[in-house]
Amino acid sequence: MTGDSTFGVVGTSVPRLEGRDKVTGRAQYVDDMTLPGMLYGATVRSRIPRGKIKRITFGQDINWDEFVIVSAKDIPGTNCIALIENDQPCLADGVVNHPEEPILLLAHPDRHLLPKAVEAISIEYDSLPPIFTISESESLQEIIWGTNNIFKTYLIEKGDIDSVWANAAHIVEAEYTTGAQEQLYIENNGMIASFDPQQGITVWGSLQCPYYVHKALMKLCGLPAERVRVVQMETGGAFGGKEEYPSMIAAHAALLAIKSGKPVKIIYDRMEDMAATTKRHPSRTRHRTAVSADGKILGGEIEFTIDGGAYETLSPVVLSRGAIHAGGPYYWPSVRLRAKAVATNAPPHGAFRGFGAPQSLFALERHMDRIAQTVGLLPVEIRRRNFLQPGQTTTTGQAVKEPIDLGKLLDHALELSDYAAKKEKFARENQRGRTSKKGIGLASFLHGAGFTGAGERYLGSVVGVEACDDGSVRVLVSSTEFGQGTNTVLCQIAAEALGLRYEDVGIAQPDTHEVPNSGPTVASRTVMVVGKLVHSAALGIQQTLRASGLLADPYSPEEFRAACRAYVAKHGKFRSLARYEQPEDIVWDEDKYRGSAYAAFAWAVYVASVSVDLTTYSVSVDDFVALQEIGKVLHPVLAKGQIIGGVAQAIGFALYEKVVWENGRMQNGQMTNYIMPTSADLPPIRAYFEEIGNHHGAYGAKGIGELPMDGPAPAIVNAVSDALGVSFDSIPLLPEDIFDALERNKAEAAATPSPRGCT
Amino acid sequence: MRAHPADYELVAPATLQAVLSLLAQEPGQWLPIAGGTDLMVQYAAGKLATRKLVSIWNLPELRRIEVFPDEVQIGAGCTFTDLRKNEIVAGEFSLLAGAASWTGGIANQNRGTLGGNIVNASPAADSLPALLVYDSELILVSARGERRVPYANVHLGYRKTQIQSDELIRSVCLPRRFSRYYAHTRKVGARKAQAIAKVCFAALGSVENAEVADVRLAMGSVAPVPLRLTETERVIMGKRIDPDLMQLAAKTAANEIRPIDDIRSTVRYRARVAGNLVAEFLHRLRSLS
Amino acid sequence: MNKNGRASKCEITFTINQKSVTVRAYSMARLLDVLRHDLGLTGTKEGCGEGECGSCSVLLDGVLVNSCLIPVLQAQGATIVTIEGLSADGRLCALQQAFLHCGGAQCGICTPGMILAACHLLDKKPQPTLEEIAEGLSGNLCRCTGYTQIFEAVKEAARSGASK
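Heads up: the protein sequence lines correspond to chains A, B and C, in order.
For the first sequence, the numbering used here gives the first residue as 1, with consecutive numbering after it.
For the second sequence, the numbering used here gives the first residue as 1, with consecutive numbering after it.
For the third sequence, the numbering used here gives the first residue as 1, with consecutive numbering after it.
If you are wondering where the hints come from, they were derived from the structure by calculation, not from laboratory data.
Possibly wrong hints are sitting among the right ones.
As the list claims (entries may be wrong) - Looking from chain A toward chain C, a few residues come up when the C-beta cut is under 8 Å (computed):
hint: 1; residue: 29
hint: 2; residue: 184
hint: 3; residue: 269
hint: 4; residue: 633
hint: 5; residue: 637
hint: 6; residue: 678
hint: 7; residue: 684
Claimed, not checked - Just some of the chain A residues that point at chain B, by a computed CB distance under 10 Å:
hint: 8; residue: 110
hint: 9; residue: 111
hint: 10; residue: 112
hint: 11; residue: 113
hint: 12; residue: 171
hint: 13; residue: 432
hint: 14; residue: 434
hint: 15; residue: 617
hint: 16; residue: 670
hint: 17; residue: 740
Unchecked claim - Okay, derived cross-link-like pairs now, DSBU-like style, lysine-lysine, Cα gap no bigger than 30 Å in a straight line:
hint: 18; chain 1: A; residue 1: 116; chain 2: A; residue 2: 73
hint: 19; chain 1: C; residue 1: 19; chain 2: B; residue 2: 47
hint: 20; chain 1: B; residue 1: 160; chain 2: A; residue 2: 116
As the structure is a prediction and not an experimental result, all values here were calculated from the model.
In this text, a Cβ means the ideal position worked out from N, Cα and C, and glycines have one as well.
Only chain A is shown next, with the shape it has when bound in the complex (with noise of 0.2 Å):
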C-alpha cells in the first residue's frame, strides 16, 4: 500500500465531492431545512456564575400559553450531557455553576417571538462565591468540583529526573501561558429535532460525531439505540467546537420535540454561541529545564494545567494529549511532567483543533528559544542538537520507528523561508529602523493522530463499503465532512482500492441508521485510521464479486460495475465490513501513560517572519512557511488546504483572538469585537510537503487535520521576540501588550544600570 505504485485516483486533485452543491448554494446546512409544523426554540439561561436558583418569575407581557416550556423535570431519562464523567447537566436544577448555563427551553412557532419571552424570564438567585482562573482554582478558596476543583492529573515520568540538576551547565525556568480562543465556525450551532412514539427522535444538525450525540440522547432520553436517529446535515465548519457541543444543543431541541409532540428547530445567534459554547482550554505551563553546556536537554520539569470550565467534559482528553506533545520532537532523556485540568465558574471549555497540543508546544517552542539565548546558541542550533533521532524515545517512552530526519526537514524549512539570509537583514535593518523591527522564528513540533494509546481499540471502528444495484460502490462511515475533505478522500481511497474512477465511488450521509461507528471525526484520524478501514472493506467487496465469479482479474471499472450490478441483481445489496484492530507494535500503559502513544506522528518545521510596527505595536506576519512530513499527500489541494487553514487560525491564536472575561462571561460575543483576521491580515502562507510514507496509514497517510494548529503561535511570538529583543510568553499577544512590555523593559534598564549594558 505504501509501495511505489502509481495511484489512479489517490494522490490526484480530484474535485472535492460536494463541491457543486457548495459553489451553487445548494448544500443543505441545518437551518436551510424547514418541517412541517415546526417550532422554534430558545434557551433561558444563567446570569450569573455560580449559585442556587431561588426563584423563577414568567413576566406578564407574554402569553405563555402559547409557548411549550420545558425544565428539568421534563427530562425522562437521566439529566446530562453523556460523555465521559456525565457531571454536566442538561438542564440546570436549581444550581448554576457557569454564566450561560442552560435552565429553561422555549419553543414557539413564531421565531421572532422567542428573544422577547426569554428576556421576559427573570430568575432571582442564591449566589455563591465564584472562580475564575487557574490559581483561584487551585488555592482552592471555593471547591466547585468534586473534592478538590481536579477533572484529572496525569504523570510522565522517564529517567532520573531528580539527578540531572546537578551537573546541568544551565537551569532554565519559565511559566507560559495561552488563553481561551472561540472557534468560530461561520455556520452558528444548530438542530432540528423531531419525535414519534414508535419511531423515537430523530434530530438533524451542525455535528461532527453523530454517534457522541445518539450516545447522549439515549440516556437523555432513556431510549434504546434503534429509537434514537441522529444525521449531520451540511456542516458550516466545526474545528473541534461541534464534537462535543451538538450533543447539548440536541438534547434541548429533543426535549421540546417530546413534550410538543411537534418538530423543534434550535439555531444560536452569533453571540449566544460565543458566549454560551465550548473554547479552547486556557493553560499554564512552567518549565524547568536542566541543559548541559552544549546545548543538551538533560531533563526537565514540566508543569502542564489546563482550565476546564464548570464542567469536566473533554479535559481529561485535551489533558491527556497535551501532556503527551508536551516535550515534542526532541530527546528527553528524563522528564517528569505533571499534567492536570481543573475546574472554574466558566462554560466548559472544548475540543478546538490541536486539543491541547498547541498550548504544550507553544510553551516548549517559546522555551527552546529561551534555553537557545541562555545556552547562547541560535535557535536553529538548539533544535537540531536535540531533535529525535530514529531509535529514541519520547518523553512516553515511543520508540522513533521512521525513518524521519528532523535536521533535513530543518534545513529544508529554512531554505524555503531563506531563514539565513532574513535573519542578517532583519538584525541589520533593525538597527537603523526606527518606525519598524523586523524578526524571524521558528517552531519545530510533532502532531499524533488518531486516539491516544489504547484509545482506538477502545473505539473498535467499523467502518462499511456496500455494493449498490447501479454497479457503483458507497461508503458507509459515521466520519463527517465539514470542510476538511472526508467525503472526497474517503472516496478516493475506495476507488483506488478497487481500481475504479472517483465518479464509481459515492458516499452516503451520516445517519446512525443507516452507517456504522466509525468513531468521532477528531483527532485527525480520519484519513489515516478510518480511511485504512475504508480501504480494507473496500477489499471485501472485490473479494465477494471475485469469489461469485462475476468478476474476472483484471478487470476495468466498466467491468467492476456490470459485475457489481449482477451480484446485486441476484443477492442484493450488500455490505462489506471492517473493523479496527490495535496494531501489535502500539502498546499503551494506561496507567503508567508509557509507551506508544499514536500509530503515527507527523513532523513539522514553520518559519514566521514578521514586521512590529513602532508606532502602533502592531504585528503584520509578512511571510509564512509551514513544511511538514505527512506519509503520503492524498489529495494536494485538500492538503494544502487544511495547512494553510489551521495556520490561519494559529495566527489568529497567537495575535487577534483574545477572548474578553467579565465574571466568567465572554464579553465580545460579536465577530465586531471578536477579531479573527480577514483576508487583509494574512500574507500568502506557503505550504510545502514531504512524505516517507505510514503503514499504518491509507496508501500512507499519517492525519494532518491539527497538525498546522500547533507550530504558527510560537513560531510567529518567537519572530516577535526576535524583532524586539523582549520575551513573550502569553498569548494572544496584543500591540496593547507589547506596548506594555516595551515599556517595563525601559523602566528596567534605567532603572538598573548595568556594566553590561542592555540586552
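Using the hints, position chains B and C against chain A.
Relative to the frame of chain A, chains B and C by itself:
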C-alpha cells in the same frame, strides 16, 4: 435576530420634502435610516428603541456631490463608495476618501453614508476626524428651513449632537483650501480591515521657511467626541520640526486626549499611540518640505 | 401601525435572479430573512447578523451589500442577484468552476457570499492584483481556508476572462 419585525414600521417617502414633513408632523417619533449599517445592527441585537423609521436611503437630494469654486458640498446620503469614487473628493480631500476606504468592508462601504456616520456620533467613527480638520460645515434641513453650522460645534457629548429630531443633514460642506497641504491619515484598529478604531487620526500641515505655517490635527476614539487637538496644534505652530518638537508634540497629544479602557484597548496604549501618530505625521511633514 | 403597535405587512416587488417576484412582508423584515424564508432561497447564509462576516452578501442593483442589514422595504423595485442566480441553466460560471478547481470552498458556508463578492470585484476590476483581491474580499470572513486558495480561484477566474 432578537427583534420582531412586526414591532417596527418603516416608511419610504419618495422625496426629501415628504420626509421633512413627516419629521415635523410627529416630532421625535420617526428615526431616519439611510444605509442601515449602524441601525440594523442595533435592531438585530434587540436594542433599537424607536419603533418607527423613515428611510432616507438614496434620496436624490441627499445623494449628490456638488462642486463650487470654493467649496464642495457632499450630500449626506452619499455612501463611502460614492466618496471613494468621486475624483474631487479623492483628489482634494484624501483624508475623507482614506477614511471611507477603511470603514468596513466593501459591502458596508456601499451602504454606509457620511451623514449616518455623523449622526450615529460614535466617537470611533472613521470619517469624523477628517471633517474636523477640513473645517467642515453642515447644512441641516427641516420643514422649518435650512441652517448652516460649523461641524466643530455639532457634537455635544457622547453620541449626542445638536441636530434636532426634525432635522436631517443635507450636505457636508468642505472648503477647497487644503489641496496644497500635506494630508496624513491613519487608523489604528485590531486588524487591517473591518475594525473599529482604537485611535483614528487625520492631519493637515503646511511648512513655510522651514517652520510650520499651519497644522490641524483631529482624532477619534480618544474622547467621548471626535477631538480637534488644539493644544497640540498650538505647541507645533510656527516651530521648526526637530526631534524635540516631535517629542513635545507627542507628549502634549497624549495628555490632551481623554481615552478610556474599553473592550478594544487601554488608556495607556491609546495615549502612547496617539502621541506616536502625531510624531509620525511631523516626521513625514518635515521630510516632504 | 395598528393600535396594538403591530405593523402590517406590505407588498414588495423586486427582480430576483432575473425573475420578477412579489412578497408580502413586514417593512422592517431583513432582506436576508425574506430571501431565505419567504422565497426559499437558502443559498444566502446568516453568520453573524451584524454585517461583519459577509456570508449574507448579495448583489443589489449591481452593488455588493450585506442582506442582513437591509430592511426589505428598501429593496422595493431592486434587482437582486443571489448565489442561485449565478449558475443559470445549470452551468457553473467561471468563478464557481475556479473555486472548485482551486479548493476555494471547504465547509462552504462562506462560499456563496465570497463568490458574489468576487463577482462584484471582477466586475469592477477584471484583472485585479493580489492586493486588490484581498481588499475586495476583506468583508467576507472565511474560517476554513486561510484565503490563499480563494485568492487563487479569483485569479484563475480572472485569467479565464470571467467577469460575470
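(message) Of all the hints numbered above, which does this structure not satisfy? Sort the numbers upward.
(response) 4, 12, 13 and 19
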